[in-house]
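Colleague: These protein sequence lines map, in sequence, to chains C and P.
Here the first sequence stands for residues 1 to 434, numbered as in this note's numbering.
Here the second sequence stands for residues 435 to 1083, numbered as in this note's numbering.
Treat the hints loosely; a few may be bogus.
[What the hints assert, rightly or not] The calculated DSBU-like cross-link candidates involving lysine-lysine, where the alpha carbons are at most 30 angstroms apart (straight line), are:
id, chain 1, residue 1, chain 2, residue 2
1, P, Lys1046, C, Lys237
2, C, Lys421, C, Lys431
3, C, Lys244, P, Lys1057
4, P, Lys805, C, Lys237
5, P, Lys670, C, Lys218
6, P, Lys913, C, Lys421
7, C, Lys117, P, Lys767
8, C, Lys117, P, Lys810
9, C, Lys381, P, Lys805
10, P, Lys767, C, Lys96
It should be emphasised that the hints constitute simulated quantities derived from the structure, not laboratory data.
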Amino acid sequence: MTTLSWHEDVQLSRRSFSRRGFLYGVSGLGLAGAFDFRDTMTLQAEELRKQGRSMILLYMQGAPSQLETFDPKPGTENGGPTEAIDTAVSDIRIAKGWEQTAKQMQDIAIIRSLTNKEGEHQRASYQLHTGYLPTGSVKHPSLGSNIAKELSLANHDLPSVVSIGEAGRGQGGSGSGAGFLGVDYEPFHVSNAGQMPENLSASVNGGRFQRRLGLLDKLEGEFASRGGASVVESHRKITDKSSKLVLTPLTKTFDLSGESTGLKERYGDSPFGRGCLLARRLVETGVTFVEVRHGNWDTHDDNFSRTAGLISPCDPAVATLIADLKDRGLLEKTLIVWVGEFGRTPRVNPRGGRDHWPRNFNALLAGGGIRGGQVIGETAKDGMGITKDPVSVPDLFSTICKSLHVDAAKENMSPIGRPLKIVDGGTPVEKLFG
Amino acid sequence: MRFPARTQRPLAHNLVAGSLAPIIVATLSIAAAVWLTVGNTFAANKPGASKSRSVEVPTANGVAAKVDQLILSDLANAGVTPTGICNDEDYLRRASLDITGQLPSPRDVTLFALDPDSGKRTKLVERLLASPDFGKNWARYWRDVIYMSATEPRSRLSQADFEKWLAEQWNTSVGWNATATSVITAVGDVFENPETALIFAQSGVNEDVAAEACRIFLGIQMQCANCHDHPSDIWKREQFHELAAYFPRITLRRIMMPDEFKIEVLSANSDRGRGDQMRENPEQFVTMLDRNKDKKLSKEEMRQRPGVMMRGEAPGVPAQLIDRIFEQADGNKDDLITAAEIKAMPQPMQAGRGSTEHHMSDLQDPSSKGKLMQPKFFVDGATPGQNLSDLERRQAAAKSFTSSSNPWFARAIVNRVWCEMLGEGFYMPVDDLGPTRTARFPEALEVICQGFVANDYDPKWLIRTVANSQTYQRKVAAKSTSEDALPFASVTPTRLRADVVFDSLIEVLGIKEESLNGPARGGMMIAGGPRAAQRGPRFQFDSLFGIDPSMSKEDITGNVPQTLYLMNNSFLRSAVTASGNSRLGRLLRNNPDERDALGELYLLVLAREPSKHEVEICQAHLKEVGQRNEAFEDLMWSLFNSSEFLSKR
């Protein structure tokens, strides 16, 4: 099997496309690829459309102020100088600075009544990624890894979970890792969207690279038989994933240069803008879960000008991502969630800052069957607490599962034999659907 | 087999574990003897002093034997059969990597195997402890413990200085109590006084310094009690803030120079030192600087100010700070500020923060000053007094932290070192100890702790003890997946730390550190200037392979970018060539026989001889490829991409 032609492969695809076969075909040709990138993408996207849904998490690291985003309180003492603007939906007003997002409001649902108890960054960030509070005994998988396990295409050449932006503390430190689900669902980190991830091209030609992989695999046996079996097993999985990534032409997904200048400008020439554009490309290629991080929103001082500086790259990127996915017919099957780990104190502190406030904070949802143009929940006039329809973290997670057609009550077995539901408790916010 | 929750008295747990009476009686007598010794001989640290002591001071070998005995009998009671003792090749590699962070050379492996001395393992440990690489290796470990949780990104610039300082401390057997005291009481320029690392890493913010010092030196996680009573522990919010009250007078001062930036840790014992003078007495402030007597200050006049203006800033107010003051104060935009305008300025920081005292914030009213807190040590309730200066407070904190009656100080480091060397600690996670947590083999832990205290907290003594124990010398085996399974029946094969992998790689490939270029990482917030040179290849490698050493070892599996680096990085690629004067090229020229070359390659990369089966696989590969150089390049690539190369065995 050395010289598969493009046509043969399409036919293969019609009858249940074998990606492993495809891989061999490509490497037999010496990697350069007889297939154009677009063709390959079309093949995989076709499968994707058959199969499933995906999610883009826009994670606002450091906890954004609800009052300067989607729950402004203009004209009140707590509201500060932040003004509100009209949106495409007549009775929804959001904070000034979000003009582009306002234009997409018919596709966006705002939750103003998210509520939680955890006000420490690491712990809350863990909770907003996994749905659980950190405990010493279990490393919980992130929701992204859980979703990837349920929805991802078997043997897809790209990792099923990709995270974009600077990673937090250490490996899987903030709960964004795969936890006990293991390396198959571990996120692939891209620190700079727009730059090709490092070390993706094989050090030697494709045939020799595969020969080396074969040799490596055989030589691993010795350590496995001498007490290293578990280490060898997880190393094999990572090696497998890495080599797939080396050999696939789909790595071109990471290259943004083929996108039109106009579209790139609409996303914005910023790390977050490029991250959102890359997220769209990844989802389009069949990646199940993409996280794009933006921050730091931890505005204990000088809240108003710092928040404005964070909003200016965020607004066009969010708005364009929604519009772009819609234009491509992908919005219906792609859920976008914009959220941080908690909110900020309605009262402005003497340093012009806002401190940690998990009691009420906000999120945006779009796509994935969510009915846009509506607001869930309501907060008091002074912003200090929820007056209608509180939504807990498990409620939010259940909602996400419902949107993606994932069974939130499904149990996975932790390494110590403890069954853990994807989401523990909570009910979906039904108003968001239909 | 589980022990009930422990109290803070070192021996108290023995009294309540009634069902284990026979073991306990034995332990009590050991522990009591050690305890008495500690009481008699505890003194301020003197390097090397223990050698002149009487025989009562527990020796490393003696303590190791007691620990083995305690662990074996508990394992036997639980019906667990430990693995056998590992062979010489494995011990040499394991001890070398754990103690010095360096792979043994092929020559070392051969000589060690041939040495008929039955005490050669103990001698090896001594040789490794005497190497300067010992201190360097462990300094890198602690560097990661401190800097991986830094909130001040620029603190990474002092990493290399800290590493050098701590290496020297460990190499010269400075007691861990003295080292901890230096870190807690550090002052001065952060580069010249690298013991300021922890304070710099936490930006000098007293609550963060308190939480980190507590986590690192006592293994107790208090930071959750910052905002509420600890949800899963006994600590109250007040107790955390009483700890924070030891540190409110720490100030970080930044000196901005055109071509360099300096940061100093200072004691700010009066409000004036924190720059509140401008706000507290605006009239006086204006009069003092007002050279043309117009009762207004221009930017030019402010630049003459010879003192400290605001917290974190330096004499000779930097232009950008003056701009900021003008932005906030100059209401009528006449480029002059008056006393009235200063009074109308918004408050610069949380009212409590600029103060020389710590206030526990009122969560319902975050803008209020909060409750004034006095320092009080949560372990024993010690109170150093009120109105103390910064250094008096921090010296009191250091004294309480390192007191021989505070059991957590020794337990925290013993637990960490044990975990680093055996793959699992007595307490897991490694930095979550405390009275409500349960240790496995608590008597064994206590015996080591007491020996460590009696030996003046000498880190070398601690490592020597662990390395000489039979428990450390067991064969590796996968950790049991059962939650209740006891550890230490075998050594867990864990992944090597980034620096160790880096050193192994450059050793094996024979490349110079400077020529190995790591992956570029965007977004690393490092300022330019003279210290930018510290972003060498090791720093870059660490940013890709670095792991927080406080994480559980079983969660550290590596990831795709790391694997891609080892597979494809262009510098590694060129170093694997068999032609020319590369390491592999020389090896092949010196060993024309294929079997010899294979043996040498295995010794070089994995520090052992290949097995018969491996020789067969390799020979088949050589035959299949039919080109010697190319086949050996494949082999070398496969060996340093193997899980064994990246793991302890």
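Colleague: Within 30 angstroms, alpha carbon to alpha carbon, are C:Lys421 and C:Lys431?
Modeller: holds (24 angstroms)
Colleague: Would you check the hint for P:Lys767 and C:Lys96, treating anything up to 30 angstroms between C-alpha atoms as holding?
Modeller: holds (27 angstroms)
Colleague: Please work out if C:Lys381 and P:Lys805 have their alpha carbons no farther apart than 30 angstroms.
Modeller: holds (29 angstroms)
Colleague: Hinted pair, alpha-carbon criterion (30 angstroms max): P:Lys670, C:Lys218. Please report holds or violated.
Modeller: violated (56 angstroms)
Colleague: With the threshold set at 30 angstroms, check whether the alpha-carbon distance from P:Lys913 to C:Lys421 stays at or below it.
Modeller: Given that 30 angstroms is the threshold and the Cα spacing comes to 25 angstroms, the pair holds.
Colleague: Hint check: C:Lys244 vs P:Lys1057, CA-CA at most 30 angstroms. Holds or violated?
Modeller: holds (27 angstroms)
Colleague: Need the status of pair C:Lys117, P:Lys810: alpha-carbon distance at most 30 angstroms?
Modeller: Satisfied, since the Cα-Cα distance of roughly 28 angstroms is no more than 30 angstroms.
Colleague: Is the straight-line distance between the alpha-carbon of P:Lys805 and that of C:Lys237 30 angstroms or less?
Modeller: violated (54 angstroms)
Colleague: Measure nothing beyond the straight line between the CA atoms of C:Lys117 and P:Lys767; if it is 30 angstroms or shorter, mark the hint as holding.
Modeller: With Cα atoms ~45 angstroms apart, C:Lys117 and P:Lys767 exceed 30 angstroms; violated.
Colleague: Can you confirm whether the C-alpha distance between P:Lys1046 and C:Lys237 stays at or below 30 angstroms?
Modeller: holds (26 angstroms)
Of the numbered hints given earlier, the model fails hints 4, 5 and 7; all others are met.
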